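There are 2 protein chains.
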Amino acid sequence: MINESMYQLGSKPSCIRELFMYGMKQAAVVGKENVYDFSIGNPSVPAPQAVTDAFRALTAQEDTLAIHSYTPAGGAPDARKAVADNLAMRTGMLVRPENIFFTCGAAPALVSVLRALSVEGSEIIAITPYFPEYRPFIEFTGNKFVAVPADMEHFQINFAELEKRINVHTQAIIVNSPNNPSGAVYSHETLRTLAALLKRKSKDVGHPIYIIADEPYRELTYDDAYVHYIPDIYPDTVICYSYSKVFSLPGERIGYFFIPDCVTDGERLFAAAAGAARIMGHVCAPSLQQQVVRACADVKPDLTEYDRNRTVLYDALTSYGYTCVKPQGAFYLFVKAPYGTAKEFSDRAKLENLLIVPGDDFGCPEYFRASTCVSYEMIKRSLPVFKMLIDEGK
Amino acid sequence: MINESMYQLGSKPSCIRELFMYGMKQAAVVGKENVYDFSIGNPSVPAPQAVTDAFRALTAQEDTLAIHSYTPAGGAPDARKAVADNLAMRTGMLVRPENIFFTCGAAPALVSVLRALSVEGSEIIAITPYFPEYRPFIEFTGNKFVAVPADMEHFQINFAELEKRINVHTQAIIVNSPNNPSGAVYSHETLRTLAALLKRKSKDVGHPIYIIADEPYRELTYDDAYVHYIPDIYPDTVICYSYSKVFSLPGERIGYFFIPDCVTDGERLFAAAAGAARIMGHVCAPSLQQQVVRACADVKPDLTEYDRNRTVLYDALTSYGYTCVKPQGAFYLFVKAPYGTAKEFSDRAKLENLLIVPGDDFGCPEYFRASTCVSYEMIKRSLPVFKMLIDEGK
Numbered sequence: 059m060i061n062e063s064m065y066q067l068g069s070k071p072s073c074i075r076e077l078f079m080y081g082m083k084q085a086a087v088v089g090k091e092n093v094y095d096f097s098i099g100n101p102s103v104p105a106p107q108a109v110t111d112a113f114r115a116l117t118a119q120e121d122t123l124a125i126h127s128y129t130p131a132g133g134a135p136d137a138r139k140a141v142a143d144n145l146a147m148r149t150g151m152l153v154r155p156e157n158i159f160f161t162c163g164a165a166p167a168l169v170s171v172l173r174a175l176s177v178e179g180s181e182i183i184a185i186t187p188y189f190p191e192y193r194p195f196i197e198f199t200g201n202k203f204v205a206v207p208a209d210m211e212h213f214q215i216n217f218a219e220l221e222k223r224i225n226v227h228t229q230a231i232i233v234n235s236p237n238n239p240s241g242a243v244y245s246h247e248t249l250r251t252l253a254a255l256l257k258r259k260s261k262d263v264g265h266p267i268y269i270i271a272d273e274p275y276r277e278l279t280y281d282d283a284y285v286h287y288i289p290d291i292y293p294d295t296v297i298c299y300s301y302s303k304v305f306s307l308p309g310e311r312i313g314y315f316f317i318p319d320c321v322t323d324g325e326r327l328f329a330a331a332a333g334a335a336r337i338m339g340h341v342c343a344p345s346l347q348q349q350v351v352r353a354c355a356d357v358k359p360d361l362t363e364y365d366r367n368r369t370v371l372y373d374a375l376t377s378y379g380y381t382c383v384k385p386q387g388a389f390y391l392f393v394k395a396p397y398g399t400a401k402e403f404s405d406r407a408k409l410e411n412l413l414i415v416p417g418d419d420f421g422c423p424e425y426f427r428a429s430t431c432v433s434y435e436m437i438k439r440s441l442p443v444f445k446m447l448i449d450e451g452k
Numbered sequence: 059m060i061n062e063s064m065y066q067l068g069s070k071p072s073c074i075r076e077l078f079m080y081g082m083k084q085a086a087v088v089g090k091e092n093v094y095d096f097s098i099g100n101p102s103v104p105a106p107q108a109v110t111d112a113f114r115a116l117t118a119q120e121d122t123l124a125i126h127s128y129t130p131a132g133g134a135p136d137a138r139k140a141v142a143d144n145l146a147m148r149t150g151m152l153v154r155p156e157n158i159f160f161t162c163g164a165a166p167a168l169v170s171v172l173r174a175l176s177v178e179g180s181e182i183i184a185i186t187p188y189f190p191e192y193r194p195f196i197e198f199t200g201n202k203f204v205a206v207p208a209d210m211e212h213f214q215i216n217f218a219e220l221e222k223r224i225n226v227h228t229q230a231i232i233v234n235s236p237n238n239p240s241g242a243v244y245s246h247e248t249l250r251t252l253a254a255l256l257k258r259k260s261k262d263v264g265h266p267i268y269i270i271a272d273e274p275y276r277e278l279t280y281d282d283a284y285v286h287y288i289p290d291i292y293p294d295t296v297i298c299y300s301y302s303k304v305f306s307l308p309g310e311r312i313g314y315f316f317i318p319d320c321v322t323d324g325e326r327l328f329a330a331a332a333g334a335a336r337i338m339g340h341v342c343a344p345s346l347q348q349q350v351v352r353a354c355a356d357v358k359p360d361l362t363e364y365d366r367n368r369t370v371l372y373d374a375l376t377s378y379g380y381t382c383v384k385p386q387g388a389f390y391l392f393v394k395a396p397y398g399t400a401k402e403f404s405d406r407a408k409l410e411n412l413l414i415v416p417g418d419d420f421g422c423p424e425y426f427r428a429s430t431c432v433s434y435e436m437i438k439r440s441l442p443v444f445k446m447l448i449d450e451g452k
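Protein sequences, first through last, are from chains V and H. All the letters of the first sequence, read from the start, carry residue numbers 59 to 452 under the numbering used here. All the letters of the second sequence, read from the start, carry residue numbers 59 to 452 under the numbering used here.
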């Protein structure tokens, strides 16, 4: 007797993964240079040299027990301190190492916090377009998933819609800025308006409505975009972070949740999230990766390539007539399908071995996502195909 | 509003962790050499040289994307193949790489399988003494925890008791051989008797009752003890494995679940366990660690030190009058408290800075556990304290 929901979750790969696997298969048939795979968010630039050096120095150590032993569940004290110090330096706030809990990437951090917030009837809000896994993460931690459309002109927040969806069951809203898939970065005004609304509503409903800031793209911004430290603007904010994107280590599974002292009931929430991690089999985050983070807490990524990719693809697509908000962060373009649904359009593109992700799973079936964490040469080769496809509809 | 069960789980560290933390604190007060810490199962011998070499060779590679990128959820194809080939070689069975699913250690492997088996009213059996986390893992994946006492003379299975506890809701029994904490290794006869019982009972209840073989200590056996390949004896067996103990990498979080082709409904169970992993935030197991396993799938540990520790402590304690079954595997001694409860005895021992774990959380409040994955010198220094404590009760 097997759990049917788990079976459904495990037997249908995500649309993104499916396209990615298809791309690998097609590459073997038509040649790698003839597949234009914009499906997945696998960083395309190498890890920063300091990160590679840290891996080498740590694994060169003679005392292997010092590197590979169990750490406390929340992480090695020195690694937590390095992250806390870095956050304190950047934000000017007091950050205690005890408020950091290392996890195997941002996903389990998020799931742990969501499970800690799951109570009778609890609801969690995500803003459309949202990272597709938010829905199962929210639902299978025992919460109700509530989607609220963004302001689709700038991919900020549609506050009129948001206010309608908040009620006494609302426990939290997930803020993902820079956003996957739109690349939008929330402005200070957006965050201040959000804070004011949540403060008023928290008072109305008689309990804090938390912000869960899912920030794997925090360091990936372009032009003059700036990612504000949300607890400064709204104290009841929990941060989930991952080193996957910033250090180009998505396979290495290292991230954390951080619950600042200013969070109402923060100590209880921290303990509950730790408890949730524990019953999901979390023992500690990979100890070697924790030490890499300790050594590199202050390292910044080089965004030159991602910025070039973003600009080249954005400029070309908009010159052909595609509609797209210029992303200020992350490494995706979220583009309106020029005709038909995005599913139809991406199916058509697939025939040309151009792999783009229809926005259905992001809650926006009129848009498709194109990753820009790909090779520059592939982007250049793909441009005639993008042009041909939009011209077909004219 | 915070989930109260998660808070309870997260705010009370396990008894083992608590003792371990106390030991670190006391070491600062009375000196490291005056604390006899037998609390935790942190391997005390270095990683095998081949494992250390693999870490160094992999991190020396120039192409960091090849090492650090996302792998498929179940693991990198080459790493899965290496594990499958090793299992095939050892067991003489056909093992397909697709039947292996890498996880961040054995704990999430176990939790994923347990959640896949959770249906209305489902029950999971563990044999006393059991690894304490089995209880929360079983209960918080939506199953009922059912404990069955071992045959306490040899720590094999008490079949009369086991049969009484099996009913139509029984989904699986966890088999942990070599056993933590008793060090018992199930004999071929035990496994054959278990298989016969489960076959008969599966027929009675009309659905398979699975064995979940939790085998982190599989490679850690002494004298002529042999760990049988259970699917050979009982086809409906799922294996959960970890490299923590065998490679002395407990912090690195690398293990797997393996569902052989012979398992009834095995493909559905595999998909359901993958789905369960997914909604707990599993993306992939650490990719570098996967590659280390690929390179070292056939590496065997050197057990000389553990064997010496086991023998010295066992011989000394039994010569003082303690009662203990000689462990055939793992790295623990499970000793009967010579007087009072094990909790009282371990509290008394704590006053002498001798840290042993009372068996309450293992389901055996008359026994205490002493880890033998500690330094040989510490064992030698601790012996007079063990002697003094038992003599007090005479």
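Be aware that one or more of the hints could be misleading.
One copy or any two copies: either way a pair holds, since identical chains are not told apart in the list.
Computed cross-link-like contacts, DSS-like style, restricted to lysine-lysine with a CA-CA straight-line distance of at most 27 Å [said to hold, decoys possible]:
id: 1; residue 1: Lys-445; residue 2: Lys-358
id: 2; residue 1: Lys-257; residue 2: Lys-445
id: 3; residue 1: Lys-261; residue 2: Lys-90
id: 4; residue 1: Lys-445; residue 2: Lys-408
id: 5; residue 1: Lys-90; residue 2: Lys-139
id: 6; residue 1: Lys-259; residue 2: Lys-139
id: 7; residue 1: Lys-139; residue 2: Lys-83
id: 8; residue 1: Lys-261; residue 2: Lys-394
id: 9; residue 1: Lys-452; residue 2: Lys-358
id: 10; residue 1: Lys-70; residue 2: Lys-445
id: 11; residue 1: Lys-222; residue 2: Lys-358
id: 12; residue 1: Lys-202; residue 2: Lys-408
id: 13; residue 1: Lys-70; residue 2: Lys-452
id: 14; residue 1: Lys-438; residue 2: Lys-452
id: 15; residue 1: Lys-139; residue 2: Lys-70
id: 16; residue 1: Lys-408; residue 2: Lys-358
id: 17; residue 1: Lys-259; residue 2: Lys-401
id: 18; residue 1: Lys-257; residue 2: Lys-358
These are calculated hints, taken from the structure and not from any lab test. Since the structure is predicted, the reported quantities are computational estimates derived from the model, not experimental observations.
Notebook entry, point to check: Quick one: Lys-70 to Lys-445, C-alpha cut-off 27 Å, is that within a copy, between copies, both, or neither?
Noted result: neither (32 Å within a copy, 60 Å between copies)
Check: How would you label the pair Lys-261, Lys-394 (within, between, both, or neither) given a Cα cut-off of 27 Å?
Finding: neither (39 Å within a copy, 57 Å between copies)
Note to self: Reference check for the pair Lys-139 and Lys-83, CA-CA at most 27 Å: within, between, both, or neither?
What the structure shows: Between. Shortest inter-copy distance 19 Å satisfies the 27 Å Cα cut-off; intra-copy 45 Å does not.
Check: Is the C-alpha distance from Lys-202 to Lys-408 at most 27 Å within one copy, between copies, in both cases, or in neither?
Finding: neither (34 Å within a copy, 47 Å between copies)
Note to self: Within, between, both or neither: how does the pair Lys-139, Lys-70 come out at a Cα-Cα threshold of 27 Å?
What the structure shows: between (40 Å within a copy, 23 Å between copies)
Next item on the list: Please work out whether the CA atoms of Lys-445 and Lys-358 approach to 27 Å or closer within one copy, between two copies, in both situations, or in neither?
Entry: Cα proximity of Lys-445 and Lys-358: none, with 36 Å in one copy and 57 Å across.
Next item on the list: Give the relationship of Lys-452 and Lys-358 under a CA distance limit of 27 Å: within one copy only, between copies only, both, or neither.
Entry: Neither: 44 Å inside a copy, 66 Å across copies.
Checklist line | Up to 27 Å CA-CA - Lys-408 versus Lys-445, copy category | finding: within (14 Å within a copy, 75 Å between copies)
Next item on the list: Indicate which option fits the pair Lys-261, Lys-90 if close means a Cα-Cα distance not exceeding 27 Å: within, between, both or neither.
Entry: neither (57 Å within a copy, 52 Å between copies)
Checklist line | Status of Lys-358 relative to Lys-257 across identical chains (alpha carbons, at most 27 Å) | finding: neither (34 Å within a copy, 59 Å between copies)
Notebook entry, point to check: How would you label the pair Lys-259, Lys-401 (within, between, both, or neither) given a Cα cut-off of 27 Å?
Noted result: Intra 37 Å, inter 50 Å, cutoff 27 Å: neither.
Item checked: 27 Å Cα threshold - placement of Lys-358 relative to Lys-408 -> neither (36 Å within a copy, 47 Å between copies)
When held up to the earlier numbered hints, the structure conflicts with 1, 2, 3, 6, 8, 9, 10, 11, 12, 13, 16, 17 and 18 and fits the remainder.
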